[in-house]
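Participant: Residue numbers (the working numbering), protein chains in the order written: chain A, 1 to 544; chain B, 1 to 148.
Some hints here could point you the wrong way.
Stated by the list, open to error - Listed next, with one range per pair, are the computed distances between beta-carbon atoms:
1. W93/B - L160/A: 39 to 49 Å
2. Y28/A - R97/B: 38 to 48 Å
3. R429/A - F64/B: 39 to 49 Å
4. F69/B - L493/A: 47 to 57 Å
I should point out that these hints are in silico values taken from the structure, not numbers from a laboratory.
This one's a predicted model, so the numbers in the text were calculated from it and none came from an experiment.
Beta carbons are placed, not taken as given, at the ideal position from N, Cα and C, and that holds for glycine.
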Amino acid sequence: MTTYFAAVNETALAVFAIVVGVTMVITYFASKRVSTATDFWAAGRGLTGPQNGFAIAGDYMSAASFLGIAGLIFLFGFDGFLYSVGFLVAFLTVLFLLAERMRNSGKYTIADTLAFRLKQKPARAAAALGTLSVVAFYLIAQMVGAGVLIEGLVGIDFWLAVVLTGAFMIIYIVAGGMLATSWVQIIKAFLLMGAAVVMTVWVLAEIGWNPLDLFRDARAQSADGEAYLKPGLFLSTPLDTVSLGLGLVLGTAGLPHILMRFFTVPNAKAARGSVMWAMVLIGAFYVMTTALGFGARAILGKGGEEAAGPTGNFALPSLADELGGELFLAIIAGVAFATILAVVAGLVISASGAVAHDVWSNIVRSGRDSEREEVWVAKIAAVSIGAIAIAIAVIGGEGLNISFMVGLAFAVAASANFPALLLALTWRRFNTTGAVVGVLFGVISSVALVVISPTVWPGPDSEGGALSWYSLANPGIISIPLGFIGCFLGTMLTTEPAAAAKFDELYVRSETGLGAEVATGLTLTGGGGRRRTAAAATTTIPRL
Amino acid sequence: MTQEFAGGAEGAEQRTDIDWVAVERSPEFRELVKRKKAFVIPATLFFLAWYFGFIILAGYAPDFMGREFITDGLTVGYALALTQFVMTWVLGWMYLRKADREFDPLAERAREAALGTAGPGGPEGRFRRGEIVDEPVPGSSTSTEVPR
Chain A
1 MTTYFAAVNE
11 TALAVFAIVV
21 GVTMVITYFA
31 SKRVSTATDF
41 WAAGRGLTGP
51 QNGFAIAGDY
61 MSAASFLGIA
71 GLIFLFGFDG
81 FLYSVGFLVA
91 FLTVLFLLAE
101 RMRNSGKYTI
111 ADTLAFRLKQ
121 KPARAAAALG
131 TLSVVAFYLI
141 AQMVGAGVLI
151 EGLVGIDFWL
161 AVVLTGAFMI
171 IYIVAGGMLA
181 TSWVQIIKAF
191 LLMGAAVVMT
201 VWVLAEIGWN
211 PLDLFRDARA
221 QSADGEAYLK
231 PGLFLSTPLD
241 TVSLGLGLVL
251 GTAGLPHILM
261 RFFTVPNAKA
271 ARGSVMWAMV
281 LIGAFYVMTT
291 ALGFGARAIL
301 GKGGEEAAGP
311 TGNFALPSLA
321 DELGGELFLA
331 IIAGVAFATI
341 LAVVAGLVIS
351 ASGAVAHDVW
361 SNIVRSGRDS
371 EREEVWVAKI
381 AAVSIGAIAI
391 AIAVIGGEGL
401 NISFMVGLAF
411 AVAASANFPA
421 LLLALTWRRF
431 NTTGAVVGVL
441 FGVISSVALV
451 VISPTVWPGP
461 DSEGGALSWY
471 SLANPGIISI
481 PLGFIGCFLG
491 TMLTTEPAAA
501 AKFDELYVRS
511 ETGLGAEVAT
521 GLTLTGGGGR
531 RRTAAAATTT
541 IPRL
Chain B
1 MTQEFAGGAE
11 GAEQRTDIDW
21 VAVERSPEFR
31 ELVKRKKAFV
41 IPATLFFLAW
51 YFGFIILAGY
61 APDFMGREFI
71 TDGLTVGYAL
81 ALTQFVMTWV
91 LGWMYLRKAD
101 REFDPLAERA
111 REAALGTAGP
121 GGPEGRFRRG
131 EIVDEPVPGS
141 STSTEVPR
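Whole structure, please, built from the sequences with the hints as guidance.
Facilitator: This is the structure in structure tokens:
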């Protein structure tokens, strides 16, 4: 285990305490306003486009983006930057195909869109399976990452770091619901962008303001020389590179915690505006990973490899230490901590929706429960999911490979959730069997293919895979087509006139917003917003 | 925040009074969907082609991607990667512009056709397909402002 400090770093602890303090104040304000299910899961649909854009950026950019990509570039050069490109371009899929349609057709969870025209119980069960699979892999990856990072940067034990991260996450959600979660994500996005800008400027100042010197110096400092600026050092199999690209560009459009964010804005116009804000922020950040990753290589050189660790996750903290010493390192560690908190909170609130709204309220209780009960179950679910994630992360511990877990989450999202959602919204013939078979095909194939991939079985250091004929680390190129084929086969083998009949309503609603859920006007500090907005809604379009 | 997309105070579950099949077949709705597809489908194909062109080159032509051009240190691969960022922002901005100027007014017309004339004082009620079939679909948005 890499421990960057021998003892507990008090400066870093102080920065962490500030992050926790600010987010707890927000949670306190939010807790006084959140009461209904719409408040709890959708923040009253009262966020503006720019606010939601920042929240999406905060929800999306995990420690894997902040520390992971910088580390990959530091270690492997150009291949690390391929992740940056894929993570951004993916938002065009979200913008063109899903953002506004989700806003118009859904209520709290992605299952709402499927269940709109399909049979309630099987459709919700399938969507909940897809949601919980993605969240499980992504959440455990983030929790383990949090533990490793905090242990390495602050000096407190791994298990304690995981427990604290999980505990704060649970408090945000249980007390402040989506309103607190959204504002934690917004603040985190500001912190992350600020940290990236400061480090980029600092790196450029250090190398003499010519961005091209980043590449020249990095190349000179790498044992791989010319090859450092070429693809192929990390992703050595061409088909694997393509498979990864496919998983990234379609996976984002199947991430439940990202799609859920579109339920927090009042209308489709705000939904698409928020994607544009997110694309500007996320794109600017990923451009800056050039300076963070190549800059770490140029400034730290070969000597930095030991401190960066085998995964490269500590390359950026090492760079911060080199540039600004202990205080700057503590600030960067605090930003990384805020980053993880914002992402895990977003993940758990989407999982609580799948458990409480889909499984409990609509499957177990057949929609007969009260809204009060639904919110209570959501809070119990959030605590339970958080506790399970803490337990798995502490027990499974530091041995889990974080990047493969995140890759798996994207693969499941792209193979199981994305095909079913897209086809439900656009294909009249699509039916319940298609959705169930498609989600099952997507989940099972992506998990199975990752299990038999050479990085997992027999292990990361082995020569070749356990199965000689299969060597892909990224399953997307096989599992995504399988997800679509499952949807297609299931649909063609059965007929369901009711699903086709309901298509017109879903289609008109998703494209025009006619009949879409309205905002209740919840804000973090505002007073009578709820009443004002409700009045505006009734005067704009007359009730029938 | 305007409420132009809010269809009513109740959710869709209560809107059994709209003839959805008729709305789906209305010329206003068909025009909206046609115009949207005319942008979204080519734009999606373009960005997927440009992105996968880049990814396939990165996978299968590492030497080409690693070639330095114009100046020392700048590789073809990095330059192509930067074009992906520019493409994402430009296509996103184009979509937003088109949605504001073209798709929203068309969606508003489709809603009006479904609900009767929108706005206070207008006749409330059912989908009135026959009365607005002949109206030209707007190219400009000035005549279709949403009443606030």
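Participant: Hint by hint, say whether it matches the structure.
Facilitator: Tested hints:
Here the CB-CB span from W93/B to L160/A is close to 46 Å, well matched to the stated 39 to 49 Å. A C-beta distance of roughly 41 Å is found between Y28/A and R97/B, which places it inside the suggested range of 38 to 48 Å. Restraint check, R429/A to F64/B: a C-beta distance of roughly 43 Å satisfies the suggested window 39 to 49 Å. As the Cβ distance of F69/B to L493/A is approximately 53 Å, the hint placing it in 47 to 57 Å holds.
In this structure, every one of the numbered hints holds.
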